[in-house]
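Visitor: Turn these sequences into a full structure, and let the hints steer you where they fit.
These protein sequences, in sequence, are chains Z and G.
What the first sequence shows, in the numbering used here, is residues 63 to 355, in sequence order.
What the second sequence shows, in the numbering used here, is residues 3 to 294, in sequence order.
Since the hints were derived computationally from the structure, they do not count as laboratory data.
Where chain Z lies over chain G, by a calculated footprint (3+ residues, C-beta under 8 Å):
#1 36-42
#2 47-55
#3 108-117
#4 123-136
#5 221-233
Interface residues of chain Z toward chain G, partial, derived using beta-carbon atoms under 8 Å:
#6 Pro92
#7 Val196
#8 Tyr199
#9 His296
#10 Gly318
#11 Ala328
#12 Leu334
Virtual Cβ for every residue (Gly too), placed ideally from N, Cα, C.
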Amino acid sequence: MKRTVFRNRWLPYALVAPQVAITLVFFFWPAFDSVRLSLYRASPFGDRLIYVGLANFERLLADEAYLRSAVTSFVFSFFVTIVGLALALLLASLANAKIRGLAVYRSLLLWPYGIAPAIAGIIWLFIFHPSYGVLPYVLSFVTAYQFNWFLKGWVAMTLIVVAAIWKQFGYNLAFYLAGLQAIETSVIEAASVDGAGPIRRFFAIVFPLLSPVTFFLFTLNMTFSFFDTFGLVHSVTQGGPGDATSIMVYRAWKDGFEGLQLGYSAAQSVILMLVVIGLTAMQFRYAEKKVTY
Amino acid sequence: MARTLTVATLGMATTPRDRRRDWSGLIAHGILVAAVVVLAFPLYYAFVISTQSLGEVSSLPPKLYPSMSLLDNYVQAWERARMGRMLFNSAVMAVAIAVGKIAISLLSAFAIVYFNFRGKQLVFWMIFVTLMLPVPVRIVSTYNVISILGWVDTYWGLTVPLMASATGTFLFRQFYQTIPDSLAEAAQLDGAGPLRFLWSVLLPLSKANVAALFVILFVYGWNEYLWPLMITNTQEMRTAVIGIEALVPRSGSQLPEWNIIMAAAIMVLLPPVAVIIVMQRWFVKGLIETEK
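Guide: If you want it as structure tokens, here you go:
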């Protein structure tokens, strides 16, 4: 802790005022309002709010479409996070050698981070396009199966998963490469002298040593795939076909803005809030652990 | 002794183990080059499509090399989607959020580190909690607040509400804490007040952090999707990232003008990607610092 050096009665308040004002007006007020709205529903004419207690939540938990969107969200996040990280870790381990030009590779890997998920989605939409895309064209030589994401839910899901992984991949790979380079080669050499094969060495030594990087990337990718992929779904699949790609955030937006079911949407926001609190808590549990390492 | 060592090391270089290491270097290069190429392909493909005519885009097999319609497509995309206006809005949003967030968090971190004041804990806690309230968890109510303020469809509405953040404040707070106390004491002996100290001592020292944060926030502001979608209703206020969605054909009766869409997509993705490439060093620093 720093020794405080400046004394002034009002200046510190003036300095934190902009931050506090924005936080109160645009974060706390809407957050409390979400919680409040989640206990109400609009009257049939939409002119006033009727207090309904926890009815919105009861309705949500009984609503199969909502439960499906929760499953969709978790499936989507699982694939983006687990498959994305596993691929990145696999490639990083195979490419882990003391080579020149790592900084150059890093530059060539990191740029997709700058592409908006929505734009990434539109590019992949065209690659997957059933009539003009290069991917269905190539696949048509292998199988007669129609990879039409307009019609098949799992193809649409694959499309947004691939677009999301593509955007995050270079970033994940760059972090894993840096993590691997930081591991002392002597540790690994000692193990190989002891007769441990490469796969054994990986699981017994490299993977545990990388766990801080993995954990960091895990929470980051989970947060990304849960909350930052709204644009991807909105611009590419619009939740469809049917509701195959209707993730929770997309549904909350749709029920609120298109369905104008304010209370119902607010209840979904409250549930999403619990998800964020869970993810943040995880992050900080880990941060505490890191101190004791 | 020295000689034996040299001989020993020279001898080492030709052992089988080191030859294996050469191989692993080659494999590493091979894998990384492959990763770079695979990652670049979608962008290349998008660019190629943006240079083709409508006939070429919709013909099979897909053509994977550039054609002659580049200028045509970009001009069309520019005019049809009112690209100029949308890119301008995106730029306003990205720069204002980046500059605003940096300024606001510089000030609040300064107050938190260099002053003792009543309610400091509360302020710190409030800033921390914003981490848990991203836009998607307060969709409808935030819109209500913006419309009560009359900020729907304004630059105020697009930028100010996104200027508060914990990450920036925590970053500067951590950085200030590493600055030796003697600097502030010296400033006081010279008769400099706190604001003078902030402006002439802390700010110049924070340059690298400011640059790092700028890159991250610029990319964030430029690519924000849900916020402008909620806050803007008119064509004039749309940002480029959400405007492009309107070009995508949603029914079979629309022309599949993917060449125009890709031209627009390239224009939209270029600024943030360029910022990342040009400010590479600060970008990497920013990634590491903001995610701590």
